[in-house]
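J.: The chain contents come next:
There are 2 protein chains.
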Amino acid sequence: MNTKILTESSQMYLLEIARLRDGDAPVPLSRLAEELSVSPVSVNEMCRKLQKQGLVIYRPYKGASLTPEGERQAHRVLRKHRLWEVFLVKELGYAYEQAHEAACQLEHGTSDLLADRLDEYLDHPSTNPLGQVIPRPDGETPLRKTLPLTEISVGQEGHVVQYEDDSMIPRDFLRERGLYLGSPFKVLITTSDSMLVETPKGQVSVARDLATAISVEPEKGDE
Amino acid sequence: MNTKILTESSQMYLLEIARLRDGDAPVPLSRLAEELSVSPVSVNEMCRKLQKQGLVIYRPYKGASLTPEGERQAHRVLRKHRLWEVFLVKELGYAYEQAHEAACQLEHGTSDLLADRLDEYLDHPSTNPLGQVIPRPDGETPLRKTLPLTEISVGQEGHVVQYEDDSMIPRDFLRERGLYLGSPFKVLITTSDSMLVETPKGQVSVARDLATAISVEPEKGDE
DNA sequence: CCCTATAATTAGGCATCCTTTAAGATTTAC
DNA sequence: GTAAATCTTAAAGGATGCCTAATTATAGGG
Numbered sequence: 001m002n003t004k005i006l007t008e009s010s011q012m013y014l015l016e017i018a019r020l021r022d023g024d025a026p027v028p029l030s031r032l033a034e035e036l037s038v039s040p041v042s043v044n045e046m047c048r049k050l051q052k053q054g055l056v057i058y059r060p061y062k063g064a065s066l067t068p069e070g071e072r073q074a075h076r077v078l079r080k081h082r083l084w085e086v087f088l089v090k091e092l093g094y095a096y097e098q099a100h101e102a103a104c105q106l107e108h109g110t111s112d113l114l115a116d117r118l119d120e121y122l123d124h125p126s127t128n129p130l131g132q133v134i135p136r137p138d139g140e141t142p143l144r145k146t147l148p149l150t151e152i153s154v155g156q157e158g159h160v161v162q163y164e165d166d167s168m169i170p171r172d173f174l175r176e177r178g179l180y181l182g183s184p185f186k187v188l189i190t191t192s193d194s195m196l197v198e199t200p201k202g203q204v205s206v207a208r209d210l211a212t213a214i215s216v217e218p219e220k221g222d223e
Numbered sequence: 001m002n003t004k005i006l007t008e009s010s011q012m013y014l015l016e017i018a019r020l021r022d023g024d025a026p027v028p029l030s031r032l033a034e035e036l037s038v039s040p041v042s043v044n045e046m047c048r049k050l051q052k053q054g055l056v057i058y059r060p061y062k063g064a065s066l067t068p069e070g071e072r073q074a075h076r077v078l079r080k081h082r083l084w085e086v087f088l089v090k091e092l093g094y095a096y097e098q099a100h101e102a103a104c105q106l107e108h109g110t111s112d113l114l115a116d117r118l119d120e121y122l123d124h125p126s127t128n129p130l131g132q133v134i135p136r137p138d139g140e141t142p143l144r145k146t147l148p149l150t151e152i153s154v155g156q157e158g159h160v161v162q163y164e165d166d167s168m169i170p171r172d173f174l175r176e177r178g179l180y181l182g183s184p185f186k187v188l189i190t191t192s193d194s195m196l197v198e199t200p201k202g203q204v205s206v207a208r209d210l211a212t213a214i215s216v217e218p219e220k221g222d223e
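Protein chains in written order, with our numbering: chain A, 1 to 223; chain B, 1 to 223.
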């Protein structure tokens, strides 16, 4: 049961559910289908299969969430994924996005042993290049959830994890202002339609609409 | 045509044909089936499919060999495989055999770009930990063939690549005497039933029967 | 030159993971 | 509360890659 072999595909599903999950809310299958570039029908099939295997809890019209075992498996994969990201960025000079792509390929061919060796080689990094936590081998590390920037209250700190709605994002502008992927920040002021945020490159005011599309991870110990 | 996507399975077949090939002789399908741990029927099916794709030349009762394009593809995979071997052994402290196993998993999830970056990171190694040549990205490097130790004539040098008949090999003895995987050596004397070989650890006399089971790669520029 | 051991092939299946089509269920929003 | 949008499910099928069992072809020794 511990040594159950998951197909690459199953791993991808579990990982994606872990990634998309927002707190304890189940992930809508439509979201999964989109992320995995697969038809909704396939996702439905797969989720029911994973439920039969005790890895996923699937409630029709609600969505999918992970069982403790599913969580454990997702962590194993995510650990490998993020360790490779660190290696690719820090050692091989990859840009983050390319590293992410490549890590998707490598994670499935990585044994637990290899992950541990890599972890040691990289000097036990605690986060990936975006500042997202790398699960420990024991699987104890809880994944921290990401929120839209708008959910962060004044005085809280955090860092940027992802841009949600690519088309709307002035990437270059944000990069210049120090609010790019991985950037730490602190919310200084919020108003009804904008936020003032402190970044490594100074202060930047962000429209609320835009802030909605910026996913961030709040700093440990807040909320 | 250049960007043709090979399945993991196809890659394995091509790689194995390249590995098992002895000079220009086609590889018997039974041998392939054995190495790949797959039924002869499956190998037959696959070889005919690869032939249809122009990657393999398959002659019933003779065996399979690579077309120039198949050769090119095999080189690409082999390059990745051996680069990973170097990384795993040199950087992560793997033993060779474990590195070989792990490299089998990693090679398929490795893009050409990643291979090049890794190559650079490792400072362009020319051989894997066993001294086998790492093909260059341009695919120009010919694979050197391996021979049984008995085929090496007096004065020639080479290095050990593989033990063929595991059950017959006194591994510990050979390791002690400096004739283990990767060891460089020079043949000093051959008689009708034994050979005297110089190794990093001194000289060792090897019975002809035993020498047959030791695969070696002769040094560049000989023969 | 025949006979046998080995190799090849055909036929039928299985598992995985994906697809499209189409019909039915539920939610959500007005 | 109903209608539109979304989700679920069933059915049928395709591609890959593997299997076993049974049959046929061939090579090579005697």
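Errors might be hidden in some of the hints.
What the hints assert, rightly or not - The calculated lysine to any residue pairs, modelled on SDA-like cross-linking and capped at a C-alpha distance of 20 Å, are: (1) A:Lys201 x A:Asp116; (2) B:Lys90 x A:Asp116; (3) A:Lys90 x B:Lys49; (4) B:Lys90 x B:Arg72; (5) B:Lys90 x A:Lys201; (6) A:Lys90 x B:Tyr121; (7) B:Lys52 x B:Val89.
Read the hints as simulated data drawn from the structure, not as lab findings. Please read all numbers here as calculations on a predicted model, not as lab measurements.
J.: Evaluate each hint against the coordinates.
T.: Hint check results:
{"no.": "1", "hint": "A:Lys201 x A:Asp116", "verdict": "violated, 36 Å"}
{"no.": "2", "hint": "B:Lys90 x A:Asp116", "verdict": "holds, 16 Å"}
{"no.": "3", "hint": "A:Lys90 x B:Lys49", "verdict": "violated, 41 Å"}
{"no.": "4", "hint": "B:Lys90 x B:Arg72", "verdict": "violated, 27 Å"}
{"no.": "5", "hint": "B:Lys90 x A:Lys201", "verdict": "violated, 40 Å"}
{"no.": "6", "hint": "A:Lys90 x B:Tyr121", "verdict": "holds, 11 Å"}
{"no.": "7", "hint": "B:Lys52 x B:Val89", "verdict": "violated, 38 Å"}
Going through the hint list in order, the structure does not satisfy hints 1, 3, 4, 5 and 7.
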